[in-house]
Amino acid sequence: MTSGRTRLLRDMVRIRVVEETLADHYRDEQEMRTPTHFSIGQEATAVGVCAATDTRDWVYTAHRSHAPYLAKGGDLKAMVAELYGKQAGCSHGRGGSIHLIDRAAGFAGSAAILGEMIPVAVGTAWAFARGGEARAAVTFFGDGATEEGVFAESLNLAAVRRAPVLFVCENNLYSISSPIGARQPAGPTIRDRAEAAGVTAVQVDGNDVFAVHEAARTALRHCREGSGPYLLELATYRWREHVGPGFDHGDGQGYRPAAETEAWIARCPIVRAADVLREQDPGIDRTVAEWRALFGDEIRGAIAYAKEQPFPDVAALLDGAYQPVPR
Amino acid sequence: MTSGRTRLLRDMVRIRVVEETLADHYRDEQEMRTPTHFSIGQEATAVGVCAATDTRDWVYTAHRSHAPYLAKGGDLKAMVAELYGKQAGCSHGRGGSIHLIDRAAGFAGSAAILGEMIPVAVGTAWAFARGGEARAAVTFFGDGATEEGVFAESLNLAAVRRAPVLFVCENNLYSISSPIGARQPAGPTIRDRAEAAGVTAVQVDGNDVFAVHEAARTALRHCREGSGPYLLELATYRWREHVGPGFDHGDGQGYRPAAETEAWIARCPIVRAADVLREQDPGIDRTVAEWRALFGDEIRGAIAYAKEQPFPDVAALLDGAYQPVPR
Amino acid sequence: MRTLTYWQAISEATVQCMAADESIFIAGEGVDDIKGTFGTTKEAFARFGPNRVIDVPNSENATAGFAVGAAAGGMRPLLIHTRADFMFLALDPLVNLAAKWRYMYGGDKGGVPVVTRGVVGRGWGQGATHSQSPHATFAHYAGLHVAAPASPADAKGLLVQALTGDTPVVLVENRNLYPLTGEVPAEASGIPFGVGRIARRGGDVTVVATSLMVHEAERAAGQLAERGISVEVVDVRSLRPLDDRIICESVAKTGRLVVADTSWARYGFSAEVAAVVAENIPEALTAPVRRLALPDSPAPVSWPLEEAFHPGAGGIVEACLRLCGQAPGELPALADVAAGFQGPY
Amino acid sequence: MRTLTYWQAISEATVQCMAADESIFIAGEGVDDIKGTFGTTKEAFARFGPNRVIDVPNSENATAGFAVGAAAGGMRPLLIHTRADFMFLALDPLVNLAAKWRYMYGGDKGGVPVVTRGVVGRGWGQGATHSQSPHATFAHYAGLHVAAPASPADAKGLLVQALTGDTPVVLVENRNLYPLTGEVPAEASGIPFGVGRIARRGGDVTVVATSLMVHEAERAAGQLAERGISVEVVDVRSLRPLDDRIICESVAKTGRLVVADTSWARYGFSAEVAAVVAENIPEALTAPVRRLALPDSPAPVSWPLEEAFHPGAGGIVEACLRLCGQAPGELPALADVAAGFQGPY
Ligand SMILES: Cc1ncc(C[n+]2csc(CCOP(=O)(O)OP(=O)(O)O)c2C)c(N)n1
Ligand SMILES: Cc1ncc(C[n+]2csc(CCOP(=O)(O)OP(=O)(O)O)c2C)c(N)n1
Ligand SMILES: [Mg+2]
Ligand SMILES: [Mg+2]
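Chains as they are written, first to last, in the numbering used here: chain L, 1 to 327; chain F, 1 to 327; chain U, 1 to 345; chain E, 1 to 345.
Simulated from the structure, these hints should not be mistaken for laboratory data. Every residue, glycine too, gets a C-beta built ideally from N, C-alpha and C. Fair warning: there could be bad hints in the mix.
Claimed, not checked - Far from chain F, some chain U residues (derived; all Cβ distances over 12 Å):
{"id": "1", "residue": "LYS35"}
{"id": "2", "residue": "ARG83"}
{"id": "3", "residue": "GLY125"}
{"id": "4", "residue": "ALA153"}
{"id": "5", "residue": "ASP166"}
{"id": "6", "residue": "GLU183"}
{"id": "7", "residue": "TRP303"}
{"id": "8", "residue": "LEU305"}
Unchecked claim - 27 Å max Cα-Cα, derived DSS-like pairs, lysine-lysine:
{"id": "9", "chain 1": "U", "residue 1": "LYS253", "chain 2": "L", "residue 2": "LYS307"}
{"id": "10", "chain 1": "F", "residue 1": "LYS77", "chain 2": "F", "residue 2": "LYS307"}
{"id": "11", "chain 1": "L", "residue 1": "LYS77", "chain 2": "L", "residue 2": "LYS307"}
{"id": "12", "chain 1": "L", "residue 1": "LYS77", "chain 2": "U", "residue 2": "LYS35"}
{"id": "13", "chain 1": "F", "residue 1": "LYS77", "chain 2": "E", "residue 2": "LYS253"}
{"id": "14", "chain 1": "E", "residue 1": "LYS109", "chain 2": "F", "residue 2": "LYS307"}
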């Protein structure tokens, strides 16, 4: 059995291996015809938060969806099949990378319009509370999404209704190629804006999975106790390009200084977690290597599975647009 | 000659007399067929701020537009004619009470969709600054409008672009019949939200015209000096119903405790300003009475004028929908 | 059968559905106000209180998103906008999310049955941004149902249908219909979307209309009967789905079509109805289709302009006369709809 | 004449207009990015720098309102959305304010010439919220001009017209057109809104189309010529104002009409074009109008579904054959538009 902390590391390694493998296939095959936003480098936010939820809590995300989906326990094969556009996909090929869902796991949906899922989580959280259930709804979004008016509207609505919603901002400093400094004034933080809207909020090192996890546990307890909404602002960084499988620092695209990216890569959440665990468990590196092999097999198996699966039936193109009418 | 402070009182008296007279005619005649939001009781905000602007600054407002329009020097006859739907109206009967404009006076427009004019002022301010001019744009809105996402978006945009815009929130505690406590959480204020967005902000007693004026002068200096946007949160109260000429406290509508309304009426900005000025000028009450008579004549004259004016020509119904095409 | 006003019918549908289904709640700006949204939410608030009839901040976008999330979590939200013009601020969550939810998650995870009531129509010089009827904008997008009940019975039946289905629905209600009376069944039974009704039978001209325009068409038909012209009035009731069949059957019979709407002609309801005929039975037309809709400008305020701007029975009469080859001539004046106005706005 | 790609033509129009008029500036998310909005803003950024090519926060509503205010203050904003789907968040300031500004302030205080470019069209499994074409939504509202250039020359001319006029304009650009080449005049001269063009002459069937669909119609016409059917392709260029005359003249000649669009049929472009014919020359139709548009579901992602979902030359060929009473039979397959895709998305 792995301890709680080891489990956090393992979940990060799994996501890393899955995403790196997917990125390679994505690039080499050109068969996953769906714009895909990898979380490589940002695994600690998804894992730290989702490990603090229980299955009955619901998680919503924006476009950068794979990591929270997997961290929440979403079905890997169904996700991969979705990327390949297959009927076996979690959204039967209708949604793609940006529209993942696994209700059994409590992954309630992802969507690609910035900010769109933020009020949705408030509504779900409010519905939970109204039903008298100690459940929370969680919504992941980026720093860029906080510029959408709906973010401020949602904070206020959550605060005034005391909805048990956890807002998780993965602040990776960029919105596509725009640095945060070009989009938000220096000085006040996203945490500050949440507090000014009446939402309890903290900033946490988003590449420290243990710190994220602790903060998320505190936050979710707060939500479940009926103390109202909570926001975590998690500082992190994506390693790859905004959308697609490549790296884009130092390739002439130049919106991110290569030194900056490298410094963040050096702050790899997996390496850092392993560094911490090594003190208790000197064999951790071997364990990580074993996991890499294990999860490598798992994702290759899922890819093989997905490729074998049939595409949706074109005759069913319209199915699901509307509730089937009983005749 | 009246001193600067006396002038503030006089402008408030003028607006009060104009609006009270209009309200009577509105109710009795049913000829001004345009939904009308009176500022009776809120005159200090409009007068204190607008007196601190100069003609080259532009003022935008929401639906509660008469007081800022008049305080900014908007043409009275053109406003009244607009309320009567006449061709001589400032918007030629196309706009009504909620769409006033007097560009010569620097009153740049009012609009009835909550929050809509907030980013507009940011854009104008930015255009001024870009042209190298030490001009500011001012935008008036209520506490209710701050719940619209566009308010937060506009604060951020103004801050990041350092636009010389003055945001003026007339916090009268209600949005139609909804008290602020039902719409915003207790604790943080609108001022706090502005600061968290990087906008310098202060709270001021909005029924103290001298305090408002001082604050507005400071704010506009800040804007003109290129120090970025500024927000004034002004506590005030409307005496009449949200829209229309009547009183609505203690009439069974009951959304506002009668005692609350009466306490605010007791804090009348005109009475308070006269109390202050009386110390220097014991004859102030007679002066006010003279103004009342003077402005009574002025508004009655404007009403008589407006009624005589012709309606727009129905054949010109479509004029102005599009730029005339030269043929 | 009992007679209710349009607003009473809406209120009754709401209260009956809420009593039957705990998961229904109302959310909107001022829905708990003493005036109760033209009376329609007053009884619901009195019976179910502020936990189920919820005043919300002035945040149309987040409120609609909130409703989507509540619906995903098993609730049934009924959103209300006292002016449908405010719904542009809620368009993204309704069109980009609610309408697509069921489909983009694969079709088998359920829908998000968010029901939105938007009040449309001219008032008392409400002007350009408070009297629009954006039904065509919503009806363009697959995934929604859009309806515009004209009668008290339909106002009840279509709302019941919306509150018991699993599809996001937009209902537009012309404010001038609220005082209208009509027979309304006591029980809460739904009227399916996509089934129009013949509001009046006739053989010479078909007028296809929706919402308030159905009544204007009926008023026009009354006048035209005196001139010997028999008008069939088709009330489509819902815009999406649209009952193509009832439109085509009527036009197949009359050979003449007038479409009357409270929004602009271009890309609007009147375009779609004309297209349905052109697509199915163009050969039946013995005369060109006439569209009676808003002239191509924003809504003015000044009342003579407002009178000229908004389409009504007079315009329908004229269009029908022309289609039947008669000169308009003198027509009895029709009453000013806002006469004696005392509020609310 | 020189040949440019569609994106180069847009870039050239932008740069020429900005050089001639100091008051023009570009604002949009990432417009200063190295990729330069499919190349269209790259040269402008290189020449005019970050004071005139402005990256903005992800705030579509405030950015549009900001543009209105800048325009009121004498500037000429050119807003860009890399997906027109995001424009729903800017609908309020564009439709409720910019479109109505001139009129609701009396018609004589000037307009607010905010020009918005929205990128539409299918990509690489972009799905339900990244491949919509909301032109009909904007074109429904009086006060705006809405255009959808199909050729590089029109992309230039219509943008020049927008940037020199005093009316708010929405331009939709199908992303699949960017690589297309064509002759483009060197000077910056405007093409008036409301004037269509005959993209191909023919006598048997009229296909009215816009944007990408003009090319699909031309591809279809090529195939149909081999089957002995002569197709006239009408490119309306702008949706509001719409060139009714060119549509009617063509249909008067051919008697048969297919309308092809990249959005849904209901209340869309295809509805309006059919209505124009039904309203003006129904007697000219020798067969029912056919609409080729999106099927009534949101856009799917999976590529076989996406292929089936998006209308193209194949569907136009089939519709024309049916209208001319021929069986579809075997048709040569048309190339997959996304074949060999390597990004950007
Ligand atoms: C309303 C809207 N505007 C713009 C976009 C285009 N867009 C997609 S992702 C993205 C960047 C978002 O940045 P952030 O929220 O920080 O998330 P990150 O990609 O950094 O994880 C943008 C601008 C969008 N999808 N929706
Ligand atoms: C977007 C939008 N939502 C709702 C309304 C309806 N409405 C008009 S005025 C008003 C109250 C606004 O309150 P506040 O901003 O505080 O201004 P006040 O009337 O108190 O001066 C509301 C809700 C509107 N006009 N626009
Ligand atoms: Mg980011
Ligand atoms: Mg207020």
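Hints, one by one, checked against the model:
1. LYS35: Violated, because the least Cβ-Cβ distance between LYS35/U and chain F comes to about 8 Å, which does not exceed 12 Å.
2. ARG83: 9 Å, violated
3. GLY125: 4 Å, violated
4. ALA153: For ALA153/U, whose nearest Cβ neighbour in chain F is about 31 Å away, the distance exceeds 12 Å, so it holds.
5. ASP166: Holds, since 29 Å exceeds 12 Å.
6. GLU183: 32 Å, holds
7. TRP303: For TRP303/U, whose nearest Cβ neighbour in chain F is about 5 Å away, the distance does not exceed 12 Å, so it is violated.
8. LEU305: 6 Å, violated
9. LYS253/U to LYS307/L: 56 Å, violated
10. LYS77/F to LYS307/F: Roughly 11 Å between the alpha carbons, so the hint for LYS77/F and LYS307/F holds.
11. LYS77/L to LYS307/L: 11 Å, holds
12. LYS77/L to LYS35/U: The given pair, whose Cα atoms are some 54 Å apart, is violated under the 27 Å limit.
13. LYS77/F to LYS253/E: With a Cα-Cα distance of about 57 Å, the restraint between LYS77/F and LYS253/E is violated, given a limit of 27 Å.
14. LYS109/E to LYS307/F: 24 Å, holds
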